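S.K.: Okay, here's what each chain looks like letter by letter:
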Amino acid sequence: MEQTMNMSKTTAEPAFDVNSSALADRRVDGTVGKIRVDNPRMSTTDVDVYYGDKHAIQNVSLDIGQNEVVAMIGPSGCGKSTFLRCLNRMNDTVAGCKVTGTLLLDKEDIYDPKIDVVPLRVRVGMVFQKPNPFPKSIYENVAYGPRIHGLITSNADLDEIVETSLKKAGLWEEVKDRMDQPGTGLSGGQQQRLCIARTIAVSPEVILMDEPCSALDPIATAKIEELIDELREQFTIAIVTHSMQQAARVSQRTAYFHLGKLVEVGETNQIFTAPKHKLTEDYITGRFG
Amino acid sequence: MALAYQLGLKRSVASAGGHASIRHLHSLPSYYGAYAALWCGLPALLVLGFWTAFEGNIVTSVLIGYLPEAVQQTDPQRLNLILNDIKNLAGGNIVSANVDPAMQQAAASYQDLLSISAAAKTVVVLALGILGTLWAWKRISPKFRARNAVEKTVNIFLIVCSSIAILTTLGIVLSVLFESIRFFGKVPFMDFVFGLEWSPQTSIRADQVGSTGAFGAIPLFAGTLLIALIAMIVAVPIGLMSAIFMAEYAGPKFRAVAKPVLEVLAGVPTVVYGFFAALTVAPLFRDLGDAMGLAVSSESALAAGAVMGIMIIPFISSLSDDVINAVPQSMRDGSYALGATKSETVRRVIIPAALPGIVGGILLAVSRAIGETMIVVMAAGLSANLTANPLEAVTTVTVQIVTLLVGDQEFDSAKTLAAFALGLMLFVVTLVLNIIALRVVRKYREQYE
Amino acid sequence: MADSPQKLRTIDIVERNLKKRYHAERRFRLFGLLAVVTGLMFVSALFFDIINKGHGAFLQTFIQLDVELTAADIDPQGSRDPEVLRKADYMGLVKQSMREMYPEVTGRSGRRDLYAIPSSGANLYLRDLVLSNPELVGTRQQIWVPADDDIDVFNKGGSTDIETETGRGIASPSGASGEISVMTTTNSFTPILAEVKENLAAQAAELQRDMKRLESSLVSLDASIVEMDQQIEQAQNTNPGHLQDLQNAREDQVNQRELNRAEIERLSARAEDKLKRADTPGGEEKLSSDLPSYLLKINGGLVKVDRVSNVGIFGRVLLPLDSANEAGDGNWQLLTLETPEDDRRMKDQMIAWGLKLQDQGRMEKRFNTTFFTAGDSREPELAGIGGAFIGSMLTLAVTLLLSFPIGVAAAVYLEEFAPKNRWTDIIEVNINNLAAVPSIVFGLLGLAVFINFFGMPRSAPLVGGVVLTLMTLPTIIIASRAALKSVPPSIREAALGVGASPLQTVTHHVLPLAMPGMLTGTIIGMAQALGETAPLLMIGMVAFVVDLPGGVFDPSTVLPVQIYLWADSPERAFVEKTSAAIMVLLAFLITMNALAVYLRKKFERRW
Ligand SMILES: Nc1ncnc2c1ncn2[C@@H]1O[C@H](COP(=O)(O)OP(=O)(O)OP(=O)(O)O)[C@@H](O)[C@H]1O
Ligand SMILES: [Mg+2]
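Protein chains in written order, with our numbering: chain F, 9 to 297; chain P, 6 to 454; chain Y, 154 to 760.
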């Protein structure tokens, strides 16, 4: 990987010939499009991730703006989840995973040794691909975060947080009569919304969502998309998705990943209507992926 | 049998018309060989087995017929002694009683009988082998499906083997139940299960005081539970916490060393723990107690229980390790993503999730502790003592089974039968615990599969 | 709740609680580490204890005797007939030689102690020597024979620590044997006297502690008597029937109080006496057998100190002195036997004899072959694990021969051929449960079925093997099934595809692949069987077996049972033997388990 480091940093220009053929196995050396925004919530520069010897993310720089939804798309195994997990240091739990580069949250380097992951993860919450409610009651699932962080002083507080969180997640009406039943007994879509409620119960600033709808039917998906739209007003959201329609529907900006690299990023509209990069075009027109 | 195999093989090849046309045979030649060998060996071996099993009894009863009338009339025990002498005499060993001519004669005839029996056995077995081979020989022809015949035999053998487990259970249930029923014929069931006094030492003569003995098993149950409880108090926290530490905290190097070392505890025979308990831990506790002004019995329940706990640690920790590792990573991720620390994740997510499995493991461990014998035989008390004080000596069900059955015993006394009744209790209790535990564990596994 | 001031607050709250949470985190981690360390400590304590107790058993003390193999005693007719040689009274010769070595010992009980120095099996060594070499009859031979277990323990330093201190000044004994006094020109014995006094003070303190305890019990007795008085008063009005009982109980308590008071008096008098003696310096004090023993080594003899003053001692000669001459400065020693005589089996006289043997070079430690070759014996120095070891091997051989084929066959049937129906379900559940049935229950089964019903011989490895087979079968079946399961179906399909019958598929293709797993399971099962004790007790394998068993029908015992039997023996020397036997057993078990692990690692395959 002897690529020049400064090449992809802030340049918005393509760093190689867009029209070159056989692109699938050509090295991609830079990012097309506007990777910076005016008011970034999170800002990453030159991120590389290794799983042991495997170089899973190469040289990715990307901003996530205040109150915007950034969608990340790309073929399977291209490193979307890996990148997302870097943003709240979930990769710390993976043995042999190494992250380099600069990742800022409100101008603070989150990989600084002085930074504590606990408050970081309170600020940057995460919803996973597969719903993973705890084997506890619905109430306890949502109450888990506020409880461990000591955010509440009374039971009434907690009740209120649980209720508002569930309401925001659009689940309240469905579960308000069975709060003490196990969370694992809900349907897949309900479980996913429960996980979202669980995440927003600690009022994070950024929410990372890794294919939150991949296990859900269209109706549940629609509910969650609606939800994302509402949440955007308070939170900053980064979402990984395999569905381009979904990306088009919920996001303001879209980033296209390919083989561990960020190929193109831009206004969602622009990406889907006028992709600048050949790889992006191929992907969104369904030529591969 | 090897001969029969060769014969069968040759025959099959020959009947097919030589090596060149083996493919006319239905099965490979070796199957014909095996078929012949089976016919040669199986009947002969069966007869041999039965013969050997019953030879002793038959010869002895014939021998008794040879003995003088007077001797035949004596009580069975004396008769047994005499028979033993005769057998020893025949074997050229020293005998206890003076040798009289009648005995000499009996010994001689005993030897005769034995040699006749041996000769007859040889002849019959050989004859059967040859007959079997001949039969097989006759049946071998190209069309004969030797493979199917052999495979059928093998199949039957396999079925018999797998039924042995059932037969064992049946054997356990029947033998224990049968003797227990005889026991409950002498001592009422209710007295046994709810009686508060246990002193099985019946006196020799019926007219002596206290000749009946008392068979109330409550003190034994209480003692067993007390020791098992102490064992659990030692084993559960240590086993569980070390499993958690190994699974969630320890580095791979530490784990690679510490885990096998801890598992060594599981391979140590219980008699070694018994020795350790009786000769090291019990005196240690007694001295400690002395130093603190406490009266600790040298056979205290505490010592036996503590050592039993040490024995059970690896059991608990490896079962817990299994169930903790079965908790899916996504569960942990969910908790970490909310900003939980490791210990919060363990205590509030992993343990609740693994709880059924852990409980199942603990139940299995309890059943282990209840059925454990050697540690308590060597380190716990012998006399029944209804107490909850761990510093005193108590006795357990297994200790009583051993003391009642080891050494000389008459097989019909309430004393010996009581051991079987205790065995029945032990079997039933551990069985129930096991069934529940295995259920719980399996349910738990399915939940995450 | 997510508006901006609230947001700030959330993270602030988190930060504020963080310290406490990390504290809990560290505590939890520490608990975990502690648990592991405790477990590791148990392992090391167990092994340390056993090795510490047992390592000595691999060496055995031999002593050298000068034996006159008098022809008149061994073979008066001079026929040299092996039968005659075999029956001669060699013990007499051994005793004779002991008498010659210690001519000063004359009394009956003294002689008896003396004869106890060589092992009671020493005669067999003489016999074997003479039998193998009849020419020796009539000659005088120096022969090494095993020492008695007490001497053995002493020689290995197990009875007491001995400290030697060179004497200062001139010591003059009053005689060479019997009761003598030894005076010195210096205050050589002041330390002993001081120690005696110190000990007196300690004893006094002990007595006073006992007194305190009794006094506090007096207080509670007083209280309970008062309480009883009240109860009696009440009972007089309400429950006259109970009155007698209460009065009796009160009576008992009062008696107890009187007894305690008397005891306190007695203790206090004794404590006072001891204290007085301890506090007055000088004088002469008597040593008691609950104190360390002091021996004076002078002029080639040993004197046991009975009474001591600053400048002299009075005591009994244990080993006669060469002369009653004065011994110069530095030419005599004072030995301290740290363990009081009361607390050891070897009395001072025996130790003196033992010391002499050591000085003469007549005592040495040799590798203990007896331990590995002999059967059981009542005499620790003659007992070995040879018989038990053979018994174990025979039993294990029976177990292996039965359980491996049956276990594999059952596993093959259940995994490969059995239809999935209720019957096989029952078998499956049954096997799992059988694996957790207490082993002693299998012993009951063996006793009731094999011994009482089929009339098989008690104590025989055959029966033991059969019982252990039933016990280990579930382990082997479960492991074998797991091994079969891990063979991928593709291999079966491939074999069936080329026209092999199901049986051929299994025997030619599946079994060889599953064999390592099955062997691993079998080895683990065998290790279990090798360490098992309880069921074998039930079927009478606890017999005291001196002879080495020659076959599966001979009465025999097995290693773990031998350990159990020895652990019950009171002799100290058996503790050493037991631990050594455990070491041998553990060595086998660890080897077997390591082999199983190695097999598993080596053949571990990922499909
Ligand atoms: N724990 C891990 N250890 C080693 N390699 C990993 C690990 N997790 C992911 N990878 C590798 O890193 C690369 C990127 O994985 P990642 O999960 O980020 O892909 P993705 O874009 O999320 O794919 P998908 O759309 O299928 O979820 C893949 O090649 C994957 O094999
Ligand atoms: Mg992914």
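FYI, nobody ran anything at the bench for these hints, they're computed from the structure.
These figures come from a predicted structure and were not determined experimentally.
Warning: the hint list may mix true and false statements.
[What the hints assert, rightly or not] Derived DSS-like pairs: lysine-lysine, alpha-carbon spacing no greater than 30 Å straight-line:
| no. | chain 1 | residue 1 | chain 2 | residue 2 |
| --- | --- | --- | --- | --- |
| 1 | Y | Lys309 | Y | Lys365 |
| 2 | Y | Lys173 | P | Lys347 |
| 3 | F | Lys106 | P | Lys347 |
| 4 | P | Lys157 | Y | Lys172 |
| 5 | P | Lys264 | Y | Lys754 |
| 6 | Y | Lys350 | Y | Lys500 |
| 7 | F | Lys106 | F | Lys62 |
| 8 | P | Lys157 | F | Lys62 |
| 9 | Y | Lys518 | Y | Lys500 |
| 10 | F | Lys144 | P | Lys347 |
| 11 | Y | Lys309 | Y | Lys518 |
| 12 | F | Lys122 | Y | Lys429 |
[Claimed, not checked] Over 12 Å on every C-beta distance to chain F, these chain P residues come out as not near it, computed from the model:
| no. | residue |
| --- | --- |
| 13 | Val128 |
| 14 | Glu156 |
| 15 | Leu179 |
| 16 | Leu230 |
Virtual Cβ for every residue (Gly too), placed ideally from N, Cα, C.
S.K.: For each hint, tell me whether it holds in the structure or not.
M.R.: Hint-by-hint comparison with the structure:
Of the pairs offered as hints, the one joining Lys309 (chain Y) and Lys365 (chain Y) is violated, with about 42 Å between alpha carbons and a cut-off of 30 Å exceeded. Straight-line distance between C-alpha atoms of Lys173 (chain Y) and Lys347 (chain P) comes to about 14 Å, which keeps the hinted pair within the 30 Å bound. A hinted pair counts as satisfied when its Cα atoms are at most 30 Å apart, and Lys106 (chain F) with Lys347 (chain P) qualifies at roughly 20 Å. Of the supplied pair hints, the one linking Lys157 (chain P) and Lys172 (chain Y) is violated, its CA atoms being roughly 73 Å apart against a limit of 30 Å.
Proximity of Lys264 (chain P) to Lys754 (chain Y) is assessed by CA-CA distance (about 16 Å); at most 30 Å being required, the pair is judged to hold. Between the alpha carbons of Lys350 (chain Y) and Lys500 (chain Y) the distance comes to roughly 23 Å, so the proposed pair stays at or under 30 Å and holds. Among the hinted pairs, Lys106 (chain F) with Lys62 (chain F) is consistent with the structure: their alpha-carbon atoms are about 10 Å apart, no more than 30 Å. Proximity of Lys157 (chain P) to Lys62 (chain F) is assessed by CA-CA distance (about 55 Å); at most 30 Å being required, the pair is judged violated.
With a C-alpha separation of about 21 Å, the suggested pair Lys518 (chain Y) and Lys500 (chain Y) falls inside the 30 Å cut-off, and the hint holds. The suggested pairing of Lys144 (chain F) with Lys347 (chain P) holds, with an alpha-carbon distance near 18 Å, which does not exceed 30 Å. This hinted pair checks out: Lys309 (chain Y) and Lys518 (chain Y) have alpha carbons roughly 8 Å apart, not beyond 30 Å. The straight-line distance between the Cα atoms of Lys122 (chain F) and Lys429 (chain Y) is roughly 71 Å, outside the 30 Å bound, and the hint therefore fails.
At roughly 72 Å, the least C-beta separation between Val128 (chain P) and chain F is larger than 12 Å, which holds for a residue marked as non-interface. At the 12 Å boundary, the C-beta of Glu156 (chain P) stays outside the reach of chain F, the nearest C-beta of that chain being 48 Å off. With 12 Å as the threshold on Cβ separation, the claim that Leu179 (chain P) sits away from chain F holds: the shortest Cβ distance comes to roughly 43 Å. Residue-level check passed: Leu230 (chain P) sits 31 Å from the nearest beta carbon of chain F, beyond 12 Å.
Hints 1, 4, 8, 12, counting from the list given before, are not met by this structure.
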